[in-house]
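Visitor: Could you build the full structure based on these sequences and the hints that come with them?
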Amino acid sequence: MNKAIKIVIVIALVLVVGVVFALKQKDKGQSLEPAAVANSEKITESSPGGSKNAEVTANLPRLVDLGADKCIPCKMMAPILEEMKKDYAGIINVEFIDVWKNPEKAKEYRISIIPTQIFFDASGKELFRHEGFFSKEDILAKWKELGVELVKTK
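Under the working numbering, the letters of the sequence shown match residues 1 to 154, in that order.
No wet-lab data here; the hints were simulated from the structure. Here the structure is a predicted model, which means the values were calculated and not measured. It is possible that part of the hints are untrue.
[As the list claims (entries may be wrong)] Taking lysine-lysine and the DSS-like style, the derived pairs with C-alpha atoms no more than 30 Å apart in a straight line are:
#, residue 1, residue 2
1, K85, K144
2, K101, K136
3, K125, K85
4, K85, K75
5, K105, K85
6, K101, K125
7, K105, K86
8, K85, K70
9, K86, K152
10, K75, K6
11, K107, K144
12, K101, K75
13, K142, K75
14, K125, K136
15, K105, K75
16, K85, K101
17, K105, K136
18, K86, K107
19, K85, K152
20, K70, K86
21, K70, K136
22, K142, K70
23, K70, K105
24, K142, K125
25, K105, K125
Guide: Structure follows, in structure tokens:
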């Protein structure tokens with residue numbers, strides 16, 4: 001191959017990588033608000049500890065954890081979510097969605113890594129998202145940073 005063809009191939013590869021990167025950034029920048037608003041009315045979900053269904057109250061800030069019951073970091077999140085669900089009942093809604101059992105939810109919430117925690121305000125607007133394990137202390141600090149003061153109900 002001559003030098004000119006090699007240069008053209010390198011330039012073509014750089015352009016392809018640039019286009020892919022730009023498309024990924026565009027997807028990350030899209031708002032989840034339509035899905036979040038649709039889900040803020042009434043949601044049934046699977047609790048981290050099992051398959052029991054629970055109804056989520058509308059018009060409260062929400063923490064949605066998307067994971068799987070067989071994923072190790074997700075299993076580590078389960079007791080934290082259950083504790084928060086009990087301690088802050090009526091103040092925030094805490095939800096767990098198993099994306100291995102509900103793969104359409106992974107697409108709906110546009111997640112690529114589990115666990116992913118998404119913080120929503122009372123109107124359903126996404127405020128923040130975190131990928132990976134998130135400790136209870138970090139979750140509480142993030143709610144405080146977002147302007148939601150959490151006081152235990154029990």
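Visitor: Taking the numbered hints from earlier one at a time, note which ones the structure violates and give those numbers from smallest to largest.
Guide: Of the numbered hints, just 10 does not hold.
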